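Student: One-letter residues, chain by chain:
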Amino acid sequence: MINRYGSIALLLFVLVIITGCGKSPSETDKNEMVLRHIMPTKVRGLDPGDMRDRYSFTIGSQIFETLYQYHFLKRPYEIVPLLAEEMPLVSDDLLTYTIKIQKGIFYQDDECFAGGKGREVQADDFVYSLKRIANIKYLSQNWSLFDDKIVGLDEFREYTKGCESEQGIDYSRAVEGLQTPDDYTLVIRLKKPWPQMVSTALADLSTAPVAREAVDFYGKDIISNPVGTGPFMLEQWRRGSYFELVRNPNFRGEAYPLEGEPGDAERGYLDDAGRIMPFADKIIWTVILESQPAWFLFLEGKVDSSGIPKDNFGEAITQNMQLTESMHQRNIHLKTFLDPSTFWVGFNMLDSVLGKNKALRLAISRSIAREKFIELFSNNRDMVAHGMVVPLMDSYNPDIRDEGYSKYAPQEAKELLKEAEKVHGGKLPVLKLAVPGTDTFARQYGQFLVRQMTNIGLEVEAQYMDWPTYLEKMNGRSLQMFTSGAHASITDAQDFLQSFYSRNWAPGANNFNYSNPEFDRLYEKAVVMLDGPERRRLYRKMEKIALDDCPAAFLNHRVAYVLHHDWYKNYKPHAFAYGLSKYRRIDLEKRQAYKDLLKKLK
Amino acid sequence: MTTYIIRRLLYTIPIVFGVLLLTFILFNLVGGDPAIEMAGKNATAETIAEIRAEYGLDKPLFFSWDSQFINHFKNALTFHFGRARDRELIADKILRGAGPSLSLTVPMFFGTVAISVSLSLVVAFLRGSRWDTLIVILCVAGMSLPYLSFILFGQYFLAYKFGWFPVFFSPDLVTAEYIALPVIIGIVAGLGGNLRFYRTVMLDEMKSDYVRTAFAKGLSTKRVLFKHVLKNAMVPIITQVVLAIPFLFLGSLLLERFFGIPGLGYLMVEAIGSRDYFVINAMTYISAVLFVVFNLVTDICYVLVDPRVSFD
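Just so you know, the sequences run in chain order H and V. Using this note's numbering, you'd call the opening residue of the first sequence number -19 and step up by one each time. Using this note's numbering, you'd call the opening residue of the second sequence number 6 and step up by one each time.
In isolation and in its complexed conformation, chain V is listed as follows (with noise of 0.2 Å):
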């Protein structure tokens, strides 16, 4: 195993190289000067050219120990971004962000996750009922409308009209009065997806012979699901969920956005919005080591739930 997360972790090292050298060659080719955007109106070419100085945009961009490519490396390979436009240091607007990215999208992830395979178990095992037709409607509705329909029902129904929530964030609220609101709608927008790609999963299980065989020997619905088929579900249900926790990291924008939460979605679109090529660079960097990171822990996660799996 240990030789396994070895070699898997020195493929890694030409990934994030290839991640750093896109990233870099992307911004200087088609990003145009970040220092003539940081000057700002009316700025003379001496400010442009002391900006240039101050973030090292000045520098050879390939060819030299000292250039703006080998230091982009040195930095994110220290985790040291620098400052953002702003003169913000980057760090402290990562560090700062994730707190409230992580406190919507954990919750909205492990929520939708639970709902979703718990309900995929009871829809797969009344196949071909009402109630399955019923459920595979409202999926279908719920993929189709747009998630800011969502957003903008749910806050005016359930907040400003009924009063349930807070419309918005407020210093004087605690964190889990203001985001249980915007949670709930994460978890219900996400259903409809998850939801039926569970179902389909189950569905192949519920077909198998073990499940059959499971029935015959008696054994109760609830100990079929949970035990027998949950458990071979297990694979693709593991590439879902875990594939999908880097992407927690970077937040939600819209439900940042509209219910004033200081997530790391918000920051991401707002650089992205500004060309802060620093702060971008910070993300996509670290998004890049999370996901490969995260690839490695699906496939040992693959080796503990089958046994048909192994490090070799």
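Isolated chain H, as found in the complex (with noise of 0.2 Å):
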């Protein structure tokens, strides 16, 4: 009896494990290039239409492409052609781009496509792409990109308001803004200027060529069936755990540059010039969501590259942020880069408390040690924010740090306090700072922050929540303080800026609900402007005005610390693009070296 109940468990047992997981990996083999990356998140999905995220752009660049894309070498950051011919030809009233596509572009093969075979890539594709974005059913996180923006784009989303679902909408409808004379060229014609447009939208995932054919044939599945015209093509995706990528054998070639920043060559990053790409046979990106997993196995060397987690940072950097002898010993190269990102506790200015007490926000800002702060929570690996705009930006104000806005001066602040009292007409109440999260990680970012207030005399309490809660808040307006951050997707300061335009209150851009009608009139100004001295004044005089009313008190600006093996090739850290992995190489037998030295190092 026994044994038979033993070998049906038994039975099971093994046809559990058998079937556990689905669809069998394929093979890798020896002499393949793959390159292994690490996912900390789950992917939402990889329609470029709908994408929004870093990481999804992050999968989505190498198997998508856009009309330009920023040069992989080249610092300051500069713009080029990608699918496109060459930089668009621009009339004199900054109304009208003329863009020539590439000839013989193809869509990777795919069964959506007559016999299997991907089509040449038209201008209609731009066109088709841009529109649905614009249609109401299909519900873009995109579309704030394009509102009211292009002639007639606007009315084509009107249009789609009125129809039954997204399957009833008329494509072939005309837009006045989006031509193609003929089938490689795209005329667009703004409503009026928008210089940014090049950097914002057409080297943005979001508008890269879709074909219509995958969208009719997969429908609402067209998030986990890409077909696109990029280096690489997904082979498999098994939600929440790998990607594989592999090559599109459709893909016409791009040469590696032949040109960057001097000292590039030095650095080896020159080494494949003129070299056709992509040079991997496959990309894997495993999800892994927890830190200790993941450094094991970059240690182990089955990914190429990885961030340092917060609790193995002694193991890799030492004090003077210098390479360990044991990351040394193991012949991994430590690159640090400043990312575009800027954080900060955010002031509701529609609150009543806060938004007429500028002494208040200004005692809280002065409150807040920020160098202890990123001692604590990023190893010292940060700058301070003096300012909204990152360094890394043309239109940085390098004198903003001797302004004295994010100053630590606790006397001061406690100085200001005695008026924000005043101001308020007695004692001040509980305030709220709300902490999107509700992990150790955010508990202990509430607490510092918390602990810095009421080290002046504040009472404030932490309220921390999951982020749709927070977000809902936070559209609905009804957060007094908030911690929160932004970073940059173009090197325009517009980005940041964008923030602090009253138009732009929440749930747009401008969380802090924050006006000033100098500022305003300013950003209108600026916005349609080519960048230039002129407008990098404008932006530097905007940023000083937003500073000077602290609607935010600026913490930090993260500085990414990213470790990588010596075989992986071509790893110029890069903060605005994605799709890099076409430049990326293996060199095999260091990677087989490194196995030898694990077992040395054992």
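Be careful, since some hints might not be right.
Unchecked claim - Short derived list, chain H residues pointing at chain V, Cβ under 10 Å: (1) V131; (2) S221; (3) I264.
Stated by the list, open to error - Restricting the straight-line Cα-Cα distance to at most 25 Å, the calculated cross-link-like pairs of lysine to any residue (SDA-like) are: (4) H/K580 <-> V/K166; (5) V/K166 <-> H/G281; (6) H/K22 <-> H/R219; (7) V/K64 <-> H/K336; (8) H/K117 <-> V/E93; (9) V/K166 <-> H/D576; (10) H/K83 <-> H/G281; (11) H/K117 <-> V/R90; (12) V/K64 <-> H/K570; (13) H/K338 <-> H/R219; (14) V/K166 <-> H/L314; (15) H/K22 <-> V/R92; (16) H/K117 <-> V/A40; (17) H/K97 <-> H/E234; (18) H/K570 <-> H/V542; (19) H/K80 <-> H/R99; (20) H/K580 <-> V/L163; (21) H/K453 <-> V/F283; (22) H/K22 <-> V/K166; (23) H/K200 <-> V/K64; (24) H/K200 <-> V/H85; (25) H/K200 <-> V/L163; (26) H/K453 <-> V/I285; (27) H/K579 <-> H/K336; (28) H/K336 <-> H/P409; (29) H/K579 <-> V/L178; (30) H/K453 <-> V/G278; (31) H/K575 <-> V/Y165; (32) H/K282 <-> V/D177; (33) H/K22 <-> V/F254; (34) V/K64 <-> H/T449; (35) V/K166 <-> H/N311; (36) V/K166 <-> H/L119; (37) H/K282 <-> V/L163; (38) H/K54 <-> H/H313; (39) V/K166 <-> H/D546; (40) H/K582 <-> V/S154.
It should be emphasised that the hints constitute simulated quantities derived from the structure, not laboratory data. None of the values given here were measured: they were computed from a predicted structure. All C-beta atoms in this analysis are idealised placements derived from N, C-alpha and C, irrespective of residue type, glycine included.
Could you fit the two chains together into a complex? Lean on the hints.
Tutor: Structure, rendered in structure tokens:
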């Protein structure tokens, strides 16, 4: 009897083990050049029209391409053509952009096409992709990029509101500002000048051409069936587990850049100059949510590069912020670069206590010891933010640090607090600081900030909430103080400054609900100007206006520390681009040698 | 027996209805508007309204044939759970996650039950000895340690330091390779509580008259333990074992996260974190149905193993 039950249990066990994870992975040849990466979070979907998070961009940018891209090596960052033949021809009034599209760009082969063969990309594909974003039934997160920008596109959106469903949309309906005089020319007409269009929109993955056949064929499942023109195509995506991308045989080939910034040749970044990319045969991203296994896999040589988990920072980096001996022994390299991000404690300017009390906002700002904050929360990696604009941007004002907007001055803060009580007309109520997240890190973050404020005599309560709740309250303008931040997607400081423009109040980018007529006037003037000294001057002036009003206490700019093995070539950090796997190369001999090195080290 | 099963199945209807009603009310009362969250930052009121329409959130809550609750009820009964917030079909998510979860939890479950029941018999037989004391101490220690510490310890030493197991899932590995370590960790971490429970059950039986009689008749220890004591201890064992089966479906969140097993434990917690009510509803409903079914199975098993219990 027991034996029979035992056999059944054993059979069940074996069946479960065999069938447990479904489709078996494709075999990996030893001579195959495979890039192995870590994906620290779940990816929402691979439909470029609805992508907005950096992790989806990271995968999507290997599959889809845009008209323009950032130069891989040049600094300051520079935009260059990708699917376009050349930079756009812009009319004198800055309203019409004529873009020539390269011939011979083919979509990857897919069953959505007749005979399964990918067809050539034409100008109409770009028009379709833009109209698709405008279609309200599609619910794209990217519409705000194009709202009130292109002639006739808002009217097309209006038309879609009356349609029954996404399938019922007539995409042949003309949009005046999107014309295709021939198959390889796209003409975009704007309502008003939008000089940032190329970097903000045409180099943004949301505008990558999507084949209508693919959308019609896959319907809502297009999110997991990407059909692009890029160097790689999706082979397998086991959601929540891993992505496997392989070379796209229809990819036309692209030459590795011939020039970069001074010093690139010495650092080996030009060793592959002129060679046809991509170099890798396959890319595997493994979804790893916990830092311990990710770190172990990196040390075992099973992934090519890694960030440094906070708890392992001392193992990798010395107090002088150099690599430790054990990392040197493993031939591991360190790359650091400034991330285009700024973090802050924001004040809701509509709040009855904070909004009209500048002395209170200043007191809070002066109460925060930013250096200590950076030491505790980023192992001294980050930089103090003296304003919202990141130092790597042209319009960054190097003198801003001398203005003392982010200085730590507890005594001055206490004086300001007395003034704040006078303005308020009595004792200040308990202030509430909203912190997104309920985990240990969020609580430490909140506790530190609360402690700083209570040190000067304020009563503050941290409220920890999950992201959707936080977002809902933020959009409803009901948060009093909140920790937040922004990550720029372009080199233009407008990405940060738009957060202070009064027409962008929440649920727009201006979560502070800040308003200053002079700021607005300068913003409206600057955003339609071409990049140049005058616009930079206006940007700096606007930043100063906002800082004087203190709608936020700016905390830090993130500095990324990335480690990679010495077999991982052409690993030059880039703050804005995502589709970089085509440049990467693996030295297979060195990767093999690492296994022997590990045995010796153990 | 058939009448009994039919009667019990009829009892499940109000239970399932209650679960559906409770989850619906809870998510609508405390959940806030999922459309606002789905629309993300910078969304216009029009976009939010479209999302509401897309997911049927613009319909009346209760008092209409096309109300949200009626649709919620209909969808649950037909197992049409619709799409999650990321627009993927929920049924696909669940089907995809069930395999990995079960591949982890089923061997863990059988391993834990087999080892703890066998050991409990031995320990009960050796009650009062130094072995018994040592095992009880180890059980209490095992129960006191957080689950996470077993994972961190196992992953660091057995996988990273000694290299006996892979640290994490990799597409190059076959399933048995990468689930071996999490299964071992799961079994070891679960042994303490289970062993103590079964030891108590076995000790109760060992004190019975029939055991003394069996030994007096000269039966071997093995025969007394496995033929008589184990059979008589089956009722509490069945209760413990069969009622644990529905939870196997829910997977093991921590093991799944640390070893990269894309199962349902991760799916459920991720859904809670992102307030994906559509997924939470589906998982809650399936869990409730499984629980009710296995309750019935437990009752039938009682009759099969204990002649004192009948279907009447």
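Student: Next, verify each hint and record whether it holds.
Tutor: We went through each hint and held it up to the structure:
{"no.": "1", "hint": "V131", "verdict": "violated (20 Å)"}
{"no.": "2", "hint": "S221", "verdict": "holds (4 Å)"}
{"no.": "3", "hint": "I264", "verdict": "holds (6 Å)"}
{"no.": "4", "hint": "H/K580 <-> V/K166", "verdict": "holds (13 Å)"}
{"no.": "5", "hint": "V/K166 <-> H/G281", "verdict": "holds (14 Å)"}
{"no.": "6", "hint": "H/K22 <-> H/R219", "verdict": "holds (8 Å)"}
{"no.": "7", "hint": "V/K64 <-> H/K336", "verdict": "violated (41 Å)"}
{"no.": "8", "hint": "H/K117 <-> V/E93", "verdict": "holds (17 Å)"}
{"no.": "9", "hint": "V/K166 <-> H/D576", "verdict": "holds (16 Å)"}
{"no.": "10", "hint": "H/K83 <-> H/G281", "verdict": "violated (41 Å)"}
{"no.": "11", "hint": "H/K117 <-> V/R90", "verdict": "holds (15 Å)"}
{"no.": "12", "hint": "V/K64 <-> H/K570", "verdict": "violated (62 Å)"}
{"no.": "13", "hint": "H/K338 <-> H/R219", "verdict": "violated (48 Å)"}
{"no.": "14", "hint": "V/K166 <-> H/L314", "verdict": "holds (24 Å)"}
{"no.": "15", "hint": "H/K22 <-> V/R92", "verdict": "holds (14 Å)"}
{"no.": "16", "hint": "H/K117 <-> V/A40", "verdict": "holds (14 Å)"}
{"no.": "17", "hint": "H/K97 <-> H/E234", "verdict": "holds (21 Å)"}
{"no.": "18", "hint": "H/K570 <-> H/V542", "verdict": "holds (19 Å)"}
{"no.": "19", "hint": "H/K80 <-> H/R99", "verdict": "holds (18 Å)"}
{"no.": "20", "hint": "H/K580 <-> V/L163", "verdict": "holds (19 Å)"}
{"no.": "21", "hint": "H/K453 <-> V/F283", "verdict": "holds (22 Å)"}
{"no.": "22", "hint": "H/K22 <-> V/K166", "verdict": "violated (28 Å)"}
{"no.": "23", "hint": "H/K200 <-> V/K64", "verdict": "holds (22 Å)"}
{"no.": "24", "hint": "H/K200 <-> V/H85", "verdict": "holds (16 Å)"}
{"no.": "25", "hint": "H/K200 <-> V/L163", "verdict": "violated (43 Å)"}
{"no.": "26", "hint": "H/K453 <-> V/I285", "verdict": "holds (22 Å)"}
{"no.": "27", "hint": "H/K579 <-> H/K336", "verdict": "violated (65 Å)"}
{"no.": "28", "hint": "H/K336 <-> H/P409", "verdict": "holds (14 Å)"}
{"no.": "29", "hint": "H/K579 <-> V/L178", "verdict": "holds (21 Å)"}
{"no.": "30", "hint": "H/K453 <-> V/G278", "verdict": "holds (17 Å)"}
{"no.": "31", "hint": "H/K575 <-> V/Y165", "verdict": "holds (14 Å)"}
{"no.": "32", "hint": "H/K282 <-> V/D177", "verdict": "holds (11 Å)"}
{"no.": "33", "hint": "H/K22 <-> V/F254", "verdict": "holds (21 Å)"}
{"no.": "34", "hint": "V/K64 <-> H/T449", "verdict": "holds (23 Å)"}
{"no.": "35", "hint": "V/K166 <-> H/N311", "verdict": "holds (19 Å)"}
{"no.": "36", "hint": "V/K166 <-> H/L119", "verdict": "violated (49 Å)"}
{"no.": "37", "hint": "H/K282 <-> V/L163", "verdict": "holds (17 Å)"}
{"no.": "38", "hint": "H/K54 <-> H/H313", "verdict": "holds (21 Å)"}
{"no.": "39", "hint": "V/K166 <-> H/D546", "verdict": "holds (22 Å)"}
{"no.": "40", "hint": "H/K582 <-> V/S154", "verdict": "holds (24 Å)"}
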